[in-house]
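Chains as they are written, first to last, in this note's numbering: chain R, 1 to 125; chain S, 1 to 125.
Any given hint could turn out to be false.
Heads up, the list lumps identical chains together, so a pair's fine if it works in one copy or across two of them.
[To be verified] Straight-line C-alpha distance at most 25 Å; calculated SDA-like pairs for lysine to any residue:
{"no.": "1", "residue 1": "121", "residue 2": "37"}
{"no.": "2", "residue 1": "65", "residue 2": "16"}
{"no.": "3", "residue 1": "121", "residue 2": "87"}
{"no.": "4", "residue 1": "73", "residue 2": "2"}
{"no.": "5", "residue 1": "27", "residue 2": "90"}
{"no.": "6", "residue 1": "120", "residue 2": "91"}
{"no.": "7", "residue 1": "65", "residue 2": "91"}
{"no.": "8", "residue 1": "73", "residue 2": "22"}
{"no.": "9", "residue 1": "73", "residue 2": "98"}
{"no.": "10", "residue 1": "65", "residue 2": "92"}
{"no.": "11", "residue 1": "121", "residue 2": "90"}
{"no.": "12", "residue 1": "72", "residue 2": "108"}
Honestly, the hints are just simulated from the structure, not real lab data.
2 protein chains.
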Amino acid sequence: MSLEIFGDRWSLLVVRDLMFGGRRTFKEFLDSGEKIATNVLAERLQRLEANGIIERRRDADDARKVNYALTKKGITLAPVLVEMIIWGARHEETAAPPEIIRRMVADRDGVVAEIRDQWKKDRSL
Amino acid sequence: MSLEIFGDRWSLLVVRDLMFGGRRTFKEFLDSGEKIATNVLAERLQRLEANGIIERRRDADDARKVNYALTKKGITLAPVLVEMIIWGARHEETAAPPEIIRRMVADRDGVVAEIRDQWKKDRSL
DNA sequence: AATGTGACTTGCACTATGCAAGTAATCTAC
DNA sequence: GTAGATTACTTGCATAGTGCAAGTCACATT
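Let the hints inform the model, and build the full structure from the sequences given.
Here you go:
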């Protein structure tokens with residue numbers, strides 16, 4: 001069940017923010033609401049990369065920046081993430097479930113397919 | 001996404017062993033292959049109970065024993081677990097995927113429904 | 001040239017985990 | 001009915017992991 005890879009407090013949050021939250025850079029992950037420490041974030045990004053879930057890309061326009069992206073393997077986590085998000089929305093009181101969550105509940109497979117297509121496009125550039 | 005509840009190495013394994021592995025007692029969880037420490041298992045069981053995922057039941061026949069069971073809330077984790085197990089089976093080389101995993105892949109919703117019914121029966125006794 | 005930014009590292013206190021051993025309440029067998 | 005297992009935990013302690021503040025270093029901006 002691969003809990004060696006993401007059996008911790010942060011790894012799946014990083015993947016979620018990458019997959020659904022539009023975050024790409026170290027700084028963007030840091031500002032993701034939950035307060036992950038910089039050293040922990042750095043270590044998680046390395047581990048996710050070592051496990052083939054995400055990949056590092058130096059930014060073409062700004063040499064300081066690094067953009068993270070989902071790998072093919074990472075993209076296949078979409079169904080897992082969707083189920084966890086739905087579960088969390090049902091059982092935690094995180095205010096009213098926002099639009100995307102209602103779409104997940106109504107059309108789980110559609111949302112997963114959309115995510116897959118979006119990232120497939122990214123990977124073919 | 002509730003990673004405060006099961007964002008660690010062991011909590012989801014306990015739920016999985018309860019849901020799909022037929023484990024019910026402390027000792028059975030201990031002998032589940034992965035080597036969780038007794039103190040950690042005790043703490044995880046308490047936390048899962050505190051979060052309403054599982055419940056403790058003293059055994060009617062043997063006063064030494066405690067049987068753990070999934071609550072309604074715990075049962076709703078089935079889709080999450082199924083997706084994680086499928087993902088793990090695809091991406092880790094855990095020998096040949098056993099029968100249950102092939103059934104999960106072929107008929108995800110059927111397996112989830114089966115688990116739900118099985119536990120619903122348990123809960124109505 | 002001076003200041004700012006982005007992506008990390010480093011140091012250190014604190015917390016969680018792993019391991020071995022111990023305990024208390026049953027059961028079971030003789 | 002008592003000695004020896006069983007079950008479900010606790011406790012103590014060394015080690016590993018985490019959180020926080022500060023620092024580094026390669027660019028970028030002004």
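Status of the hints after comparison with the structure:
no.: 1; hint: 121 / 37; in the structure: neither (32 Å within a copy, 45 Å between copies)
no.: 2; hint: 65 / 16; in the structure: within (20 Å within a copy, 40 Å between copies)
no.: 3; hint: 121 / 87; in the structure: between (28 Å within a copy, 22 Å between copies)
no.: 4; hint: 73 / 2; in the structure: both (13 Å within a copy, 23 Å between copies)
no.: 5; hint: 27 / 90; in the structure: neither (30 Å within a copy, 32 Å between copies)
no.: 6; hint: 120 / 91; in the structure: between (32 Å within a copy, 19 Å between copies)
no.: 7; hint: 65 / 91; in the structure: neither (37 Å within a copy, 30 Å between copies)
no.: 8; hint: 73 / 22; in the structure: within (18 Å within a copy, 30 Å between copies)
no.: 9; hint: 73 / 98; in the structure: between (27 Å within a copy, 22 Å between copies)
no.: 10; hint: 65 / 92; in the structure: neither (35 Å within a copy, 32 Å between copies)
no.: 11; hint: 121 / 90; in the structure: between (31 Å within a copy, 23 Å between copies)
no.: 12; hint: 72 / 108; in the structure: both (19 Å within a copy, 22 Å between copies)
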